[in-house]
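> One-letter residues, chain by chain:
2 protein chains.
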Amino acid sequence: MQNFTFYNPVKIIFGKGTIARLGAEASKAGKHALLVYGGGSIKNNGVYMTVMIALEAAGIAVTEHSGVKPNPVLSHVREGVKKAKEAGCDMVIAAGGGSVIDEAKAIAAGAGYEGDLWDFFLGKDGIKSALPLFTVLTIPATGSEMNSGCVITNEETKQKFSAMSSALFPKASILDPEATMTLPTAQVAYGAVDGLAHLIEGYFSTTDKDVAITDELVHAVARSIITSTDRILTDPKDYNARASMMWSATMALNGMQSLGYGGTSFVNHVIEHSLSAIYDIAHGAGLAIVMPAWFKYDLAKNGPARLEKFGAAVFGAKTAEGTIAAFEEWFGKIGAPTRLSQANIPAEDIPRIAENAMGLIKLWEIAYYQPEIEEILEKAK
Amino acid sequence: MQNFTFYNPVKIIFGKGTIARLGAEASKAGKHALLVYGGGSIKNNGVYMTVMIALEAAGIAVTEHSGVKPNPVLSHVREGVKKAKEAGCDMVIAAGGGSVIDEAKAIAAGAGYEGDLWDFFLGKDGIKSALPLFTVLTIPATGSEMNSGCVITNEETKQKFSAMSSALFPKASILDPEATMTLPTAQVAYGAVDGLAHLIEGYFSTTDKDVAITDELVHAVARSIITSTDRILTDPKDYNARASMMWSATMALNGMQSLGYGGTSFVNHVIEHSLSAIYDIAHGAGLAIVMPAWFKYDLAKNGPARLEKFGAAVFGAKTAEGTIAAFEEWFGKIGAPTRLSQANIPAEDIPRIAENAMGLIKLWEIAYYQPEIEEILEKAK
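Line by line, the protein sequences are chains A and B.
FYI, the numbering used here numbers position 305 of the first sequence as 305, with every residue one higher than the one before it.
FYI, the numbering used here numbers position 22 of the second sequence as 22, with every residue one higher than the one before it.
Take these hints with a grain of salt, some might be off.
The list cannot tell twin chains apart, which means a pair is met if one copy fits it or any two copies do.
Computed cross-link-like contacts, BS3-like style, restricted to lysine-lysine with a CA-CA straight-line distance of at most 30 Å [claimed, not checked]:
no. : residue 1 : residue 2
1   : Lys-28    : Lys-124
2   : Lys-381   : Lys-362
3   : Lys-43    : Lys-28
4   : Lys-82    : Lys-31
5   : Lys-124   : Lys-362
6   : Lys-128   : Lys-16
7   : Lys-128   : Lys-83
8   : Lys-318   : Lys-124
9   : Lys-158   : Lys-82
10  : Lys-28    : Lys-16
11  : Lys-85    : Lys-43
12  : Lys-171   : Lys-28
13  : Lys-209   : Lys-309
14  : Lys-31    : Lys-171
Note that these hints are calculated values from the structure, not bench results.
So here's chain A without its partners, still in its complex pose (with noise of 0.2 Å):
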């Protein structure tokens, strides 16, 4: 077990009919928020009147910021920083879910910083301040709203980045499971195999084989996910595998389920950023492509001991390819893509997705080559 480091201060405000709180939060940090939503789905929920009624009832002017697209893109930040310096606001409020959170986050770094925000994403200089940030989550899935990172895509680039720092974690998330009783179908999926592939990141590219307490609470929180996934997919107005699986995917990615096992390389999450910056396909299908295919090439390299604790403690599988023929097999079911035609990726395109993955591999450092990306690719296909 190696030596870590675990701060998570985020206050996380979970339950029915909890959004109301946000004015009672928010109004400890300021007066004036820039609200970060989508594409309108909280107006057709309730979300959206809800949160305003909140704030109202609070005294805090809002300004708004809409339309956040999935993998949300650097020109749309930017617009969000220069409406949150022009209107002069001294929080932002994040109301949706991974990618307006990481939008959010993005804009409260920016609001403060004199230079180009880009350069946060390319390591040449740290988020030292942010703006206050409080987030409404509507799609269980990235765990952003418990967590200090953001991913943004530069779009002129093809680089879909990620920034770090203490300074982004939210100081409160309200978690109301009742806001994810109408997910379509795909983002229920999506955000199941996005859970999955947080806790097998670590899992996986650890060389620290004896954490017994991680390894088990990333079985615990795997085995939730999934068995909440298939109750959500057979009845959705099912509130407690909502709530289930809503926490779930928070606790995915909120820094606990990797502990000891001294780093995470996160190369599934590198790959499939490439998928998504190229092509504009949600992550989390892009995920259920990457992963069996990088578990292939990992069987290979480093022998089946992981892949067949993993399978048997969450699939009751029998072997390394049982686990991965399970995980194909499970997100088959529940309808996300595994191979690259499926997503109408051409093969052809394996070249240029691994060149574009080296970007960030070369920036983090992760151990990989372009062949072996290929490679990887190669088994997707």
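Here the structure of chain A is known, so what remains is to put chain B in place on it, guided by the hints.
Just chain B, lined up with the frame of chain A:
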């Protein structure tokens, strides 16, 4: 799944050689520490020396307050408060196990308080502020290093009561598993019992039986405690087992393992508090006596479902009775008593113990009457 709020800002610094980082952490908070510790075991295992060197290097003056007892007593807390006030300490550092940390918390709360600090434990006043607290943990057991509660015994009134406040969260806690390598076997065992006891309180007192994620997490931490303890008792020098146990015991009471259950009665702890308040037995020993008896009472009253689920996941037990037997067998195997008689507590004292327990039961408004407590204790004869 019930609504909840979760907030835990404790910074955990975990691993080999990390005690040296105490100086850098503590110097963020002040210049003069009250150093709280117990009977001197930290002088034998090198922790005292490492702490003193770290604090001296950081320019932090130290006033010592040693002699904390297991089941720490109010009179010694009062002495510590007096010392901290007289010396003008601006922080408290605990080096030891849960008793030391709990006493340090009570001192931190009392140092800036004008009234009688026992009022905090009687619920007559709330803890609004406390001196900044840092901990160096040497016994995995109570979880106090990552929560906001403390338990103190008023030796005059024979009350073992607790207080809680977000002001009591340690700023940082250092967990070096090497500091636990020389722990006596009995303390290893009692720590394991305590960790399991924290897990079962919420799991079994919940009226909401459909909280998949938290059930999974409870099973995960319980399995890790059991397998790690078995490894430690086989090979006391097994670092990875020590490390897994240390983090597991912390995780068992950091607030995460009861989320969604809608509250926790802590009735096993309440009954145990009477045993250790009256007979001064080890907390873990008392819990190993109370838990199987309470399980038998709970089985008769609430049916087998929770015992079956827990036992299947943690022990591979097939029935509720099998789960209780597995607990008793495992407690016996690690050397913990499971009957009052094994701790030399006479059965004729049962009414007196139950009467004592009613103090906390009434204060906390737990739904138990004295005859029920006596019925539970009868099963522990």
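> Checking each numbered hint in turn, tell me which of them this model violates, lowest number first.
8
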